[in-house]
Amino acid sequence: MTLLKLEQVSRDFDVSRPWLNRVLEGEQRRFLRAVDRVSLEIRKGETLALVGESGCGKSTVARLIVGLYAPTEGRVQFAGRRMQMIFQDPYASLNPRWRVRDIVAEPIKVLHTSARVDELLVQVGLSPDDGDKYPHEFSGGQRQRISIARALAGEPDFLVCDEPTSALDVSVQAQILNLMTELQARLGLTYLFISHNLAVVSQVADRVGVMYFGRLVELAPAAALFARPRHPYTRMLLDAVPDLSMTGKARTPVAGEVPNPLAPPSGCAFHPRCPHANERCRREVPGVIDDVACHAVAEGRI
Amino acid sequence: MLEVSALSVQFPTRKGTLTAVDGVSFSIGKGEVLGVVGESGAGKSITGLAIIGLLEPPGRIAAGEVRLDGRRIDNLPYEELRRLRGRRIGMVFQDPLTSLNPLYTIGRQLEETILTHLRMDARAARERALSLLREVGIPAPESRYHHYPHQFSGGMRQRVVIALALAAEPELIIADEPTTALDVSIQAQIIALLKHLAKDHGTAVMLITHDMGVIAETAQRVAVMYAGRIVEIGAVKDVIHAPRHPYTVGLMGSIPKIGARKRLTQIDGAMPRLNAIPPGCAFNPRCPRRFARCLEERPPLLPAGGSQAACWLHDAP
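Here the protein sequences line up with chains L and F, keeping their order. The numbers in the first sequence follow this note's numbering, run straight up by one, and end at 291. The numbers in the second sequence follow this note's numbering, run straight up by one, and end at 318.
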């Protein structure tokens, strides 16, 4: 069953210079397209991960889904009960003046019972006594547990997690990833998991969407994506991940950087960095065919 | 090249003295990359700062020695140490913007550094600055020369910082989380650059990072730090494939790997704060293999397989 559906969703941001400059210098309004015609579906009970480098639009997609931004074009449809969001920085997302008990109870203020808060704290691996403390008394990992307890308070069936472990040390990250997996199994949650870390994504995701420059360039089941990446950008990303097994495999160093969003390249946005680019790629934006947006893949060239 | 022996760094506070680095010893040879890995608060950055004499007061070196090419550098007067930094030791920090002056063009900053440390005229300095920018992979250095730091992307800025660190051909580069703020594709480019420097210039590199993957790609040896001490040190392949200290074992198990997808090993709890380091082995409250001795006696580094581990499990009877 489809829980969430994005249909050709785009989002523009106004990056025009101030009005006076525009009048005096005869400039037009300028818009930056942060998300460009993204379509995807998330099924009930699965984890869909979005990966990509900074500025690729993955966090904007998360914000479009929870309604923090309105789409410029396209539609977001949600068939679930409630959604909640977990943020990256567990230091910035908890009010330092509130006791943990009040933070966790905030979404259920009207009907909250202290027993329910205790239950939530236990559920995320804290103790009911921790409810009387303040956020500064906890480490980063424990704070992220508090954020998760708060997110679960309203009994959501869908959680949007924006880089939930990026600010944590690796051993603490393991604790949080394990906790999220357990909660999903126990409560039947559906996750949208945003991350730049491919290894973390491989750990939690059922399906993975790869974003580049505002577009979804590849969408595939996790196992298939990591075993047989199709889009040249996905291949490049996987190639760039440091190799812990030290097989000493030869790596093609990745050339170039993400282009300037105010001066997008013509055709396929990846073409300046792509080893397979040809005339058509420079001219024509590739459509999504069979979950990959790439001329070379569609033409069977790679 | 660099020899650190029994280095301790302390921070006196109102509530007593905190020991952030506790009896750390290691050496780095010419052309070698030594990785220093650990979680936040393990003391890895403080160790780097102590070596180059940039500890923020009231932090101070309480014991131990730092030798560069056989000569002691930890007790030099401020002026002498200042000349040493940049000339013989280069530094690269996590955030390139902290190392660059936003008001000067990068060309001017490079020229100034070169002229401060090397005997050269302005023309030769400019030539050298350009060739450094070319070497670190800045495209079209002639046209980028007069640009300001804000006109560069994060990856390009980090390249400029590396060019600055290299300006006077230092024998040692201390790189503190040089790739942490960068995207993975740019990170790969900077790793390749650091490796090439060590290999082709014979520069010794101390690479401080929390990312074991970066170490696996770059370093020959690795020191694992926990609560201010080195708990394991050895060749990267030994430490990664056959870790000997229970902390390193837990750390390796907690790193997600592409395609593996089994439950991650957890080390429960968190690293102790500096004011609450338990007696005996600092890792004992979290250690799945602790026994009576771990609660009382602090283990020194002991030979364990090809490496050394500070763990009583390796105390041969």
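If you're looking for bench data, these hints aren't it; they were derived computationally from the structure. None of these values were measured; they are calculated from a predicted model. Take these hints with a grain of salt, some might be off.
Using 25 Å as the maximum straight-line C-alpha spacing, the simulated BS3-like pairs for lysine-lysine come out as follows [unchecked claim]: (1) F:K238 x F:K258; (2) L:K122 x F:K31; (3) F:K263 x L:K33; (4) L:K122 x L:K98; (5) F:K263 x F:K31; (6) F:K200 x F:K238.
Taking CB as the label site, the calculated pair distances span [unchecked claim]: (7) L:N10 x F:P103: 15 to 25 Å; (8) F:K238 x L:E171: 51 to 61 Å; (9) L:L21 x F:P103: 42 to 52 Å; (10) F:G155 x L:I97: 54 to 64 Å; (11) F:Y79 x L:E108: 27 to 37 Å; (12) L:E108 x F:P286: 26 to 36 Å; (13) L:E171 x F:P103: 38 to 48 Å; (14) L:R6 x F:G155: 18 to 28 Å; (15) F:P280 x L:P85: 43 to 53 Å; (16) F:P286 x L:A213: 37 to 47 Å; (17) F:T266 x L:L57: 57 to 67 Å; (18) F:G203 x L:E62: 22 to 32 Å.
Idealized CB from N, CA, C, for every residue including glycine.
**Request:** Quick one: which hint numbers does this structure break? Sort them smallest to largest.
**Result:** Checked against the structure, the hints that fail are numbers 2, 5, 8, 9, 10, 11, 15, 17, 18, while the rest are satisfied.
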